[in-house]
Amino acid sequence: DTEVTQTPKHLVMGMTNKKSLKCEQHMGHRAMYWYKQKAKKPPELMFVYSYEKLSINESVPSRFSPECPNSSLLNLHLHALQPEDSALYLCASSPYQRGNEETQYFGPGTRLLVL
Amino acid sequence: GESVGLHLPTLSVQEGDNSIINCAYSNSASDYFIWYKQESGKGPQFIIDIRSNMDKRQGQRVTVLLNKTVKHLSLQIAATQPGDSAVYFCAEITLTGNQFYFGTGTSLTVIP
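Residue numbers (my numbering), protein chains in the order written: chain A, 316 to 430; chain B, 288 to 399.
Since the hints were derived computationally from the structure, they do not count as laboratory data.
All residues carry an ideal CB built from backbone N, CA and C; glycine is no exception.
Please note that a few of the clues may not be correct.
[What the hints assert, rightly or not] With the C-beta cut set under 8 Å, the calculated list includes, among others, these residues of chain B facing chain A:
1. K329
2. G330
3. P331
4. F333
5. I335
6. D336
7. F376
8. I380
9. L382
10. F387
11. F389
12. G390
13. T391
14. G392
[Stated by the list, open to error] Derived pair list, reagent style BS3-like, types lysine-lysine, alpha-carbon separation capped at 25 Å:
15. A/K355 - B/K343
16. A/K337 - A/K324
17. A/K324 - B/K358
18. B/K329 - A/K337
19. A/K356 - B/K358
20. B/K329 - A/K353
21. A/K334 - B/K329
[To be verified] To spell it out: a stretch of chain A is covered by chain B in this simulated footprint if at least three of its residues, at any positions, have a beta carbon under 8 Å from a beta carbon of chain B; those stretches are:
22. 332-341
23. 421-427
Just need the whole structure built from these sequences, with the hints factored in.
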């Protein structure tokens with residue numbers, strides 16, 4: 316299995332809603348990432364988990380809350396979002412083997428619209 | 288922080304022609320580089336990578352060239368096809384600290 320899967324594919328939510336994005340990989344990768352991507356822009360890193368521990372938080376607002384239940388799963392919990400948070404949310408994973416190539420493999424993304 | 292940028296935000300080519308997409312980087316300590324292709328509504332897809340101790344690497348219809356002297360990376364696509372239409376991102380990786388930076392992207396349009 317060489318895929319990163321993400322659910323849901325599309326999500327529409329109001330500013331008072333609570334929702335979660337899910338990401339899964341079965342490649343044995345030990346690093347997982349959340350990115351936010353606006354139209355015609357490169358992905359912006361939000362969070363990095365390595366060995367199920369949060370290692371990088373790129374000053375993301377607390378209305379985004381990541382969770383890594385195990386080495387294959389990564390969630391992003393959303394609460395009280397703003398319309399400007401509407402974007403494509405990408406999950407990625409990489410082997411996390413020090414000294415070796417750390418190619419990140421991306422999921423298809425969740426297209427989020429906040430109304 | 289360090290930045291990775293592209294010279295051309297858009298590129299249009301005729302089907303069958305060769306395409307060249309360029310990328311400038313600023314971190315001379317980067318260990319390797321990746322080109323990703325992102326089609327509309329999809330996540331970035333790995334195309335090809337190159338280590339910093341190499342100058343050239345070839346794949347199927349694609350070639351990546353690395354010029355460390357001027358900190359320049361390029362992706363050459365031979366016999367461009369309509370299916371090659373996408374946004375192409377270069378990414379720069381520094382293994383120490385696991386730093387991973389995307390360039391700004393180039394939108395490639397192939398004209399049939």
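Results of checking the hints against the structure:
no.: 1; hint: K329; result: holds (6 Å)
no.: 2; hint: G330; result: holds (4 Å)
no.: 3; hint: P331; result: holds (5 Å)
no.: 4; hint: F333; result: holds (6 Å)
no.: 5; hint: I335; result: violated (10 Å)
no.: 6; hint: D336; result: holds (6 Å)
no.: 7; hint: F376; result: holds (6 Å)
no.: 8; hint: I380; result: holds (6 Å)
no.: 9; hint: L382; result: holds (6 Å)
no.: 10; hint: F387; result: holds (6 Å)
no.: 11; hint: F389; result: holds (4 Å)
no.: 12; hint: G390; result: holds (6 Å)
no.: 13; hint: T391; result: holds (6 Å)
no.: 14; hint: G392; result: holds (5 Å)
no.: 15; hint: A/K355 - B/K343; result: violated (28 Å)
no.: 16; hint: A/K337 - A/K324; result: holds (10 Å)
no.: 17; hint: A/K324 - B/K358; result: violated (37 Å)
no.: 18; hint: B/K329 - A/K337; result: holds (16 Å)
no.: 19; hint: A/K356 - B/K358; result: holds (22 Å)
no.: 20; hint: B/K329 - A/K353; result: holds (13 Å)
no.: 21; hint: A/K334 - B/K329; result: holds (21 Å)
no.: 22; hint: 332-341; result: violated (count 0)
no.: 23; hint: 421-427; result: holds (count 5)
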